[in-house]
Amino acid sequence: MKHVELIGVSKSFEKQQNVLNEIDLSIEKGEFFVLVGPSGSGKSTLLRMIAGLEDITGGILKISDKTVNHLPPKDRNLSMVFQNYALYPHLTVEQNILFGLHVKKTPKKEQQKRLKETADMMGLTELLKRKPKELSGGQRQRVALARSVVSESPICLMDEPLSNLDAKLRAHMRIEIRRLQKKLGLTMIYVTHDQVEAMTMGDRIMVLNEGKIQQVGKPITLYNKPANLFVASFIGSPKMNMGKAVFSNQQLIIEDKLHLSLDRAEAAGIPKDKNLNIGIRAEHIFPGTHDNTTHELEVINVEQLGNETLITFEIGKELWTAKWLGQWNVHTGDKVAVSISMKNMSFFDADSGLLIKPASAEREQEVVAI
Amino acid sequence: MASFSLGKTMKYILLIFFALLFLMPVYVIIVTSLKPLDEVSLEHMWALPSSIDFSSYVQAVKELAPNFMNSVYLVIPATLLSALLGAMNGYVLSKWKFKGSETLFTFILFGMFIPYQSILIPMIQFIRSIGLYDTIPGLVLVHVVYGLPITTLMFRNFYANIPDQMIEAAKIDGASFLGVFRHIMVPLSITGFVVVAIWQFTNIWNEFLFAVTVTTNETQPVMVALQNLSGSQIVQWNVQMAGAVIAALPTLLIYILLGKYFVRGLLAGSVKG
Numbered sequence: 002m003k004h005v006e007l008i009g010v011s012k013s014f015e016k017q018q019n020v021l022n023e024i025d026l027s028i029e030k031g032e033f034f035v036l037v038g039p040s041g042s043g044k045s046t047l048l049r050m051i052a053g054l055e056d057i058t059g060g061i062l063k064i065s066d067k068t069v070n071h072l073p074p075k076d077r078n079l080s081m082v083f084q085n086y087a088l089y090p091h092l093t094v095e096q097n098i099l100f101g102l103h104v105k106k107t108p109k110k111e112q113q114k115r116l117k118e119t120a121d122m123m124g125l126t127e128l129l130k131r132k133p134k135e136l137s138g139g140q141r142q143r144v145a146l147a148r149s150v151v152s153e154s155p156i157c158l159m160d161e162p163l164s165n166l167d168a169k170l171r172a173h174m175r176i177e178i179r180r181l182q183k184k185l186g187l188t189m190i191y192v193t194h195d196q197v198e199a200m201t202m203g204d205r206i207m208v209l210n211e212g213k214i215q216q217v218g219k220p221i222t223l224y225n226k227p228a229n230l231f232v233a234s235f236i237g238s239p240k241m242n243m244g245k246a247v248f249s250n251q252q253l254i255i256e257d258k259l260h261l262s263l264d265r266a267e268a269a270g271i272p273k274d275k276n277l278n279i280g281i282r283a284e285h286i287f288p289g290t291h292d293n294t295t296h297e298l299e300v301i302n303v304e305q306l307g308n309e310t311l312i313t314f315e316i317g318k319e320l321w322t323a324k325w326l327g328q329w330n331v332h333t334g335d336k337v338a339v340s341i342s343m344k345n346m347s348f349f350d351a352d353s354g355l356l357i358k359p360a361s362a363e364r365e366q367e368v369v370a371i
Numbered sequence: 019m020a021s022f023s024l025g026k027t028m029k030y031i032l033l034i035f036f037a038l039l040f041l042m043p044v045y046v047i048i049v050t051s052l053k054p055l056d057e058v059s060l061e062h063m064w065a066l067p068s069s070i071d072f073s074s075y076v077q078a079v080k081e082l083a084p085n086f087m088n089s090v091y092l093v094i095p096a097t098l099l100s101a102l103l104g105a106m107n108g109y110v111l112s113k114w115k116f117k118g119s120e121t122l123f124t125f126i127l128f129g130m131f132i133p134y135q136s137i138l139i140p141m142i143q144f145i146r147s148i149g150l151y152d153t154i155p156g157l158v159l160v161h162v163v164y165g166l167p168i169t170t171l172m173f174r175n176f177y178a179n180i181p182d183q184m185i186e187a188a189k190i191d192g193a194s195f196l197g198v199f200r201h202i203m204v205p206l207s208i209t210g211f212v213v214v215a216i217w218q219f220t221n222i223w224n225e226f227l228f229a230v231t232v233t234t235n236e237t238q239p240v241m242v243a244l245q246n247l248s249g250s251q252i253v254q255w256n257v258q259m260a261g262a263v264i265a266a267l268p269t270l271l272i273y274i275l276l277g278k279y280f281v282r283g284l285l286a287g288s289v290k291g
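Chains as they are written, first to last, in my numbering: chain A, 2 to 371; chain B, 19 to 291.
What the hints contain is simulated information worked out from the structure, not anything from laboratory work.
Each residue gets a CB set at the ideal place from its N, CA and C atoms; glycine is no exception.
Keep in mind that the hints are not guaranteed to be accurate.
No farther apart than 25 Å at their CA atoms in a straight line, the calculated lysine to aspartate or glutamate pairs in the DMTMM-like style are these [to be verified]:
#, chain 1, residue 1, chain 2, residue 2
1, B, Lys113, A, Asp335
2, A, Lys132, B, Glu61
3, B, Lys113, A, Glu161
Pulled a few chain B residues facing chain A out of the computed Cβ check, cut under 10 Å [what the hints assert, rightly or not]:
#, residue
4, Pro43
5, Gln143
6, Ile202
7, Ile208
8, Val212
Next up, chain A with everything else stripped away, as it sits in the complex:
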């Protein structure tokens, strides 16, 4: 069932036109849907319009097949978790959690029952009598989540809830939120600028840029088949290595520096007369062995992460990063052998930014089923 549906939704402010432009979107019941994009892309605005905190300039918003454009937030039956938690400082944790139920005049017995369940679930039973200023960041986050959970609304909106937490806590909370969503069967709409959160948490993700949808789909699809240059460079860490490419004399020349011999099969279907950009993922610049080395490149930076090594090369005007598993004894200034092949490259139209041909190795690979 389509739980939340946006049809041609646009948003303009007095000072800024077309912050969001003709957004078409539908979210299924029980889905964990992530809106991801850089700052200013309009993702928070979109979330706030679904919540009812911003007016919808154009288009239709439907929740459970009912048009709700003019319905106030409290009648939309949803809950929201904010970036800085927005807890009520003058109330205790218990009162904070029960605020919504209290205002909606839920019977006391029901309030207490839900409070107990939620406090147990979120591990807040010990903290019920404290005030927000006596809690740590992670504890405050859990209270904000509890406030959302206790309302038992089927739709939960989250606006960058983990941005204010440190990296370790963020990683832990990612798992907690996902488990919670699955357990309660909530439809969750989650806004973030962090593509790692998007990739790890979403059933489907939507990349937004400058108010327009760039791509919607499963995270792994966006990784393997980015629809345009923006999605390609946004998703994936380290960033996808990009470069200008041109076919000439039976060769593919990248950034006027890197020459690759033309593979007829791979080059088929790519228009030779257009301006091309290619992209190759860091993990596809392989360490060169005795028989498959294609190039020798000079290292300009090395990052040892313990489980992997990131090596940066200069390719024309671009900096390319290779990700090699393990700890490699490479230093700045060394010339290392690498193996780069056309079948790992995605081709893009430089003028429109659109994908012409994804990396075929990805196409063959799919996701291995156990």
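Keeping the supplied structure of chain A fixed, place chain B upon it in accordance with the hints.
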């Protein structure tokens, strides 16, 4: 103890000098109010009373008691009403952005700059036409209206420091316009209320011009009555002084008891806590 530096000594001398300057009139008032009438004279104004005589206080209380009560009936409703209305105005103007809200706020602010004297005549005419002339409720109305600009300003600035997201969270939780006001804004602005209450109390209690034009004789508040407190042939200075002390007492007490909240409230939100 180490010797004071020259700078510190100078500072103390200066402070003591100004303290004495400010306390001199207070000294004269208290000392004169405790003297019997025959001891009161310009030549001996600095002299301490020969004996502590509270008879001037007794007389002052007798004469001023009804007017004192008038002041009380005036100040308490006027302060409460102007604070409540100012809070609602401040809430709407800071949290509910509607078209023209900034212009409306500027217009309300202009009210603060209108001199009392310029609107005196139309105000009297209006009060008379609605039958509230020479009544305390009439004076309450005048002070509530006149106090709206300043109370609105104070509350609006206070509420601007409450994060919008908290209001939004309450809206999503299901609170209506008044619900948000009652459950969130008011509890968080107790300090704001104290500041506004102290401010309004002091201003309305001490205010003279409106009081003297809107009310007469029995309905006059204590400040006006104090002016009229003269003997038939000679001025009874000791009674006058006693009256002044009594009239000044409420505001003095307010400041002694609540003064620290005033400063705290004024500075609330100036540093991110």
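Hint check results:
no.: 1; hint: B:Lys113 with A:Asp335; in the structure: 61 Å, violated
no.: 2; hint: A:Lys132 with B:Glu61; in the structure: 64 Å, violated
no.: 3; hint: B:Lys113 with A:Glu161; in the structure: 23 Å, holds
no.: 4; hint: Pro43; in the structure: 43 Å, violated
no.: 5; hint: Gln143; in the structure: 43 Å, violated
no.: 6; hint: Ile202; in the structure: 6 Å, holds
no.: 7; hint: Ile208; in the structure: 9 Å, holds
no.: 8; hint: Val212; in the structure: 15 Å, violated
In terms of the numbered hints stated before, the structure departs from hints 1, 2, 4, 5, 8, listed from lowest to highest.
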